[in-house]
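Asks: Listed below are the residues making up each chain.
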Amino acid sequence: MARFLKSKKELIGISPDDILFKGEQKVDKTRLRLIDYNLDEFHEMELNSINETIESLNENNTSWINIDGLHDTSLMKEISSHFNIENYIIAEVLETHKRPKIHDYDDYIMLSTKMLQYNAETEKIFSENLSIIFNNNTLISFQERVGDFFDPVRERIRKNRRRIRNSGPDYLAFALLDIVVDNYIHTVSLLGEKIEELDDELIRQPSTDNLEKINKYKVEVSYLRKTIKPCREMILGLCKLDSELISDQIQSHLHELQNNIELANESIDNYRDILSDQLNIFHTTVAYKLNDILKFLTIFSVIFIPITFIAGIYGTNFDYIPELHYKYSYFIMWGAILSTVIVMITYFKRKKWF
Amino acid sequence: MARFLKSKKELIGISPDDILFKGEQKVDKTRLRLIDYNLDEFHEMELNSINETIESLNENNTSWINIDGLHDTSLMKEISSHFNIENYIIAEVLETHKRPKIHDYDDYIMLSTKMLQYNAETEKIFSENLSIIFNNNTLISFQERVGDFFDPVRERIRKNRRRIRNSGPDYLAFALLDIVVDNYIHTVSLLGEKIEELDDELIRQPSTDNLEKINKYKVEVSYLRKTIKPCREMILGLCKLDSELISDQIQSHLHELQNNIELANESIDNYRDILSDQLNIFHTTVAYKLNDILKFLTIFSVIFIPITFIAGIYGTNFDYIPELHYKYSYFIMWGAILSTVIVMITYFKRKKWF
Amino acid sequence: MARFLKSKKELIGISPDDILFKGEQKVDKTRLRLIDYNLDEFHEMELNSINETIESLNENNTSWINIDGLHDTSLMKEISSHFNIENYIIAEVLETHKRPKIHDYDDYIMLSTKMLQYNAETEKIFSENLSIIFNNNTLISFQERVGDFFDPVRERIRKNRRRIRNSGPDYLAFALLDIVVDNYIHTVSLLGEKIEELDDELIRQPSTDNLEKINKYKVEVSYLRKTIKPCREMILGLCKLDSELISDQIQSHLHELQNNIELANESIDNYRDILSDQLNIFHTTVAYKLNDILKFLTIFSVIFIPITFIAGIYGTNFDYIPELHYKYSYFIMWGAILSTVIVMITYFKRKKWF
Amino acid sequence: MARFLKSKKELIGISPDDILFKGEQKVDKTRLRLIDYNLDEFHEMELNSINETIESLNENNTSWINIDGLHDTSLMKEISSHFNIENYIIAEVLETHKRPKIHDYDDYIMLSTKMLQYNAETEKIFSENLSIIFNNNTLISFQERVGDFFDPVRERIRKNRRRIRNSGPDYLAFALLDIVVDNYIHTVSLLGEKIEELDDELIRQPSTDNLEKINKYKVEVSYLRKTIKPCREMILGLCKLDSELISDQIQSHLHELQNNIELANESIDNYRDILSDQLNIFHTTVAYKLNDILKFLTIFSVIFIPITFIAGIYGTNFDYIPELHYKYSYFIMWGAILSTVIVMITYFKRKKWF
Amino acid sequence: MARFLKSKKELIGISPDDILFKGEQKVDKTRLRLIDYNLDEFHEMELNSINETIESLNENNTSWINIDGLHDTSLMKEISSHFNIENYIIAEVLETHKRPKIHDYDDYIMLSTKMLQYNAETEKIFSENLSIIFNNNTLISFQERVGDFFDPVRERIRKNRRRIRNSGPDYLAFALLDIVVDNYIHTVSLLGEKIEELDDELIRQPSTDNLEKINKYKVEVSYLRKTIKPCREMILGLCKLDSELISDQIQSHLHELQNNIELANESIDNYRDILSDQLNIFHTTVAYKLNDILKFLTIFSVIFIPITFIAGIYGTNFDYIPELHYKYSYFIMWGAILSTVIVMITYFKRKKWF
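Chains as they are written, first to last, in numbering that gives the first Met the number 0: chain A, 0 to 353; chain B, 0 to 353; chain C, 0 to 353; chain D, 0 to 353; chain E, 0 to 353.
Hints are computed from structural coordinates only; laboratory data are not their basis.
It cannot be assumed that every hint is accurate.
For identical chains, the list gives no copy identity; a pair is met inside one copy or between any two copies.
[To be verified] Result set (SDA-like, lysine to any residue): computed pairs, CA atoms no more than 25 Å apart in a straight line:
#, residue 1, residue 2
1, Lys-294, Ile-344
2, Lys-212, Ile-202
3, Lys-294, His-185
4, Lys-97, Arg-224
5, Lys-97, Glu-23
6, Lys-5, Pro-229
7, Lys-351, Ile-331
8, Lys-76, Pro-151
Assemble the whole structure, with the sequences as input and the hints as a guide.
Replies: Given below as structure tokens:
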């Protein structure tokens, strides 16, 4: 399947209300984690079913349900009915190949985005879908696989950093998105470093190796662009949202989030331009080196071709070649050869060929 | 006729109210299919004339009239008069070469778009016009040829998937457009896969074959772009429409439709950039290989040209060439030749030519 | 004078109210045609002066005055005074080199645009200025030369196609613009066909001929773009106009007109991209062929250079060359030569040079 | 100093209210000209000081004070105090390197723009700053040097072309800007003509001369673009201005002015694209010619290299070369040579190399 | 770390309220300077702690606290509490790698931007973060290192240039930003000068040196673009701000500031285009020179190859070569050689190869 756009023929024409997993299964078993907190209390537990989860919820607390692995459609249906979320919203959570989006309802807000992972070894970037649904006291996050992505937030909740423990799911949603966006910036900067390193070698020693790197990075930058651009739109939508579920206090945080995604976005465009420039520079350098090679060949050929001809003339076996019989003919020939060489070299020097 | 823009001289200046078929006839006989349903009832039949159709319509049900083949202008005129649709709207349905559009009237909404078909063998994409006219209880869809494109929707209606049977022509219109757009995404992804496959070969083994593929895919991507871009506009227009004929419930579906066409659109731009990059990389690789070829030629020439000259000198037939008569002259010449070769090779090694 | 932008030094600083012909005279004599009609009546006549025209006008009918040839400034002044049109509007009609524009006054609307003509032989496109001024019962059209461009409209009026005979000058203006825009589309499609035909030859047999065509078409596409883009703006302005002179009924026609000019415009951008791609493909193909040529030369040179050297060695006339005197030396030399050739060929085969 | 952007280090951080000349002095002495007119009266005089000017002003007339040369800061301060113009506005008039701008105050409007001059000999374009300040009865224009740029306007005032004598400073300001913009169009068209002329030579006879021209024109087009783009913004601002100082009657003139600057602007973009295309065509042509050159070289080399080798073989001095002694050997060699040549030529013909 | 985008993994997921220094420490010790002034009074002092500063503040004066060096987080916390600034605002001041931004609160306005420094020797541009927080009587500026950037403003305050001494922190903020933007323009113009200088050499004498410069300047222009673009956004935001902290009088100054940043921005885009053109011209020139080199080589080879072959023929040792024995054979050979040469030269002359 194409890396940049995934689509399955058999899913075309399916009802938008059908809760069907439309992505690739990335974990064996779905994992359910619950963190339940307010300023004073804090509970963290791993659960087996959504029923169990519901029982553990405390209505006055903020509850964060983290679901890793989306293939369990029966679980999804339970979530839909327990939390009173429309079927097609859950169906969209399961469409992991679709674009980031934001839906705003009276009771809850649903948003989805992509998380990025940079594999330093293969220098490839992978993306994973993240969906978040939150109402006034619960946030459910849906990830495709188990990861430590959000550990800093868990840590902040555990350590009672006042702000987060004192706030509702809107602040939590912001905190999660903040990590996602910071990670975008970090991923871009990791790739950017590699791109900037290329710069010095291109003119001095152009090699197929450089060319392969430029090509590779170009593909990754395209992938980043394709992933981050629509996420930017989603965050812009979130900032403009006029919902009661989002308290005024986090508006400036959202503003900052927007500023950060803008930074990621601009930097990608920046690196894209730089890569295009690098390719152009590379190409031009290669063309320039070609001139050098051919100047070299031409100088050599042009010097030796006439003198070889001169020698050839006196290698002929005609009965009557008067020059052959003068005593100093041979040296005169040498003289002619040397003059030719000198004339040639002077000519090339004047043309600044070397 | 051009593939990207079709126009017939004889149709210029025709009155917009004239019901004239302006496309190419793609089927022999127009086919009329009627599906008539509500939550409880379901009728599906193939009909011969529009009169027969009208009789079969049940006003309280949702009726879907599917017309395959547009060349029968008398049928079109009947539709115009029976359903009270202005002549120029029907005339626009018959202009299959024009852009997707949307017209919003009090009684009905008319929209047209393009359906795409990917021929896996020729790797070419074809498009067909689709027009939809619907009022509060009837939807008429006009296709250029008979196809199984909308079978998933028919299946959903037949199987009484509650949502679709319970909704009016607006939901049906959405369901049809949804398939159209999902198909865009699928078509783009099929082409995209081919494009991504190209990536590996370009640097290692550039061949005319690759070049032809790049060219071919570029044309197809242009064709996709040209087809999908205006359709995106149409769907944006549909989302912004403030019509009584569109119920509030399907607003979020339209929102999702818009998100999907955006995905198709973005992906095309993505693949377009990738193809341009590939062409650049290809060109640069070819230029780089040229350097290799010419380094090879130059090294060989530059080594052999002077030593061939040395041999040539001693092939001359001058009466008096002192060197010829020393006993070891021949071996000295070999020595000179070998030194030249060694000097040359050292020089090239230092210049890192090999 | 430049083809893309015409400007005369002596016209700089002229008062905008001066009625002066600023273009090139394209006909000898101005031709005045009047068509006067309502649903029942129809008069068509060729006239000699504007006074004569005025007399023939029937206030309750729709009158279409067609003026071919703009150099007769006294006629223009008469029009200005008879129809109460401000001097600078008539002055703008005479500025045939300026951009399409639209002016909306209480009494009349003035609009100007360009008509295109494709010369199939020279494959060049020419443009001519068209200005239209209409009030509630009269439309005056100004063309630079006599032509059959609007014959389909005249035909429709003559044949009493109800719609046009029943409508006022606004519908007539639309009908004229419709022909202009349909002609744009047709012109683009004619050029487009030529461009698409180029596609197949480019990789298989690149020739200067192709290159010249690409260049030529690029210029024509630029010309089309330059001409159609501002016309699109004018039509958008017309659609947004809130004037009593434009009846509600023709709004959807204007909408369609806009859709058509959009089609022309998009297609031009499309063909422009295609031409750029073709040029890139052409260049890359040429670079690729160069590699082939030079591989060929290199293989030949690299094989023959060393063996010619071997022969050269034994053409020297040293007194003492031991090898010369062995009986099989000559055949050994041949052996050496053949081995060299085989080694070389094997080497190139491995490098996949042929 | 850079031609495209001028900046002086010592002027950084200066108070915006300081009346300091920040450009380059282009005339020795400031020249003050006053034209004072109404429908009946007309006075034109050259003055020495601003006091003298003030005395000559007639409040009921329209007065046009033209100042050529901006280095006299004491004069500038007098203007500031006499006409009650804020210091920083006068300071901006003196910043001749800044962008065109428009300031709208209750009492007066200040606008600045660039005037262009095309030097036909060097084919270079120069720009000069023009600032205009006008209130309800006086217009002051500030130019960097004495010129005949606005003579047509002076002529119109002198000859009592009713419109201009009957209008206030707003019409005068329009008339001046009209000349500026017409001159833009003219300058672009002069350069455009040169660019279009290039087109024919590029493919048939590409030369460094062409390349230098393309480069030169590209720089000039960039310069034009850089100058005209911000002026367009200024004029758009002027059109949108809702000031009592601008009478309704000149709105359509401003509209037309905007249309003209749009024309200049579009044409520049047009020529820019054409130049880029020309450079691409040139490059591709050069690459194509290279193939021709190398085909030629390759054909020649490939034909002669083997036959020279054959001759070389029989130039060896081995004691025992059986072929040398047959009577017809020499002719057989010629036969072999000719066959080789024929085979080669056939091969190249088939490959369509010539 | 990448130059274009800096990001530290360990800072991902940190609470936005944490006052942590996130940049690189550029000075050893934080420096605190206070300037306190009104129209009559003026105090300037260097202080050790924020407490000391607070004591020195006079509420009726305008106070400017300049902080150089941001690593002292305890100082930052003091500022936060003394001036009643929210923690996350101070936290943002410490994020020196983030984008320019503007926050508008009832009590204070916070804005940040980048200051540029051009190192003439390395031809590299460096940027430093500047944050400004001001309320109705105090302005705090935060810089990363000690510099003389704002000395002109200090000078103006000291010398009692009336305007600045008479205004509040809003005017001071403008004055600081004005210097920043003027410096942008100056930096761009310095680089621009270098770029324009390149122009002449490119076609006459293309060298790797030029290529390296183009590459270098391209990187710097990208860096400038990346830095200035978001600053432009910030200033646009500032101009649109509707805050009581910004008096009406400085609106026109802000307008001018915006005009200046636009100038910087446009010029960068200008130079970017010029550099791209230069690279293209360079590449094309190199390709053109290649043709010259190879024409030279081809002419030489094509002339000498056949005549060397002729000489080779008569160097063969066949027993029976009739031509060898005619008396004038040798001269006839010379005749043949010269004819060949003349034919060749005529051929090349006709093809206009030299």
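Asks: Please go over all the hints and tell whether each is borne out by the structure.
Replies: Here is what the structure says about each hint:
{"no.": "1", "hint": "Lys-294 with Ile-344", "result": "both (12 Å within a copy, 18 Å between copies)"}
{"no.": "2", "hint": "Lys-212 with Ile-202", "result": "both (15 Å within a copy, 11 Å between copies)"}
{"no.": "3", "hint": "Lys-294 with His-185", "result": "neither (47 Å within a copy, 42 Å between copies)"}
{"no.": "4", "hint": "Lys-97 with Arg-224", "result": "both (15 Å within a copy, 19 Å between copies)"}
{"no.": "5", "hint": "Lys-97 with Glu-23", "result": "within (13 Å within a copy, 36 Å between copies)"}
{"no.": "6", "hint": "Lys-5 with Pro-229", "result": "both (16 Å within a copy, 23 Å between copies)"}
{"no.": "7", "hint": "Lys-351 with Ile-331", "result": "neither (30 Å within a copy, 36 Å between copies)"}
{"no.": "8", "hint": "Lys-76 with Pro-151", "result": "between (30 Å within a copy, 23 Å between copies)"}
Consistency with the previously given hints fails for numbers 3, 7, ordered from lowest to highest.
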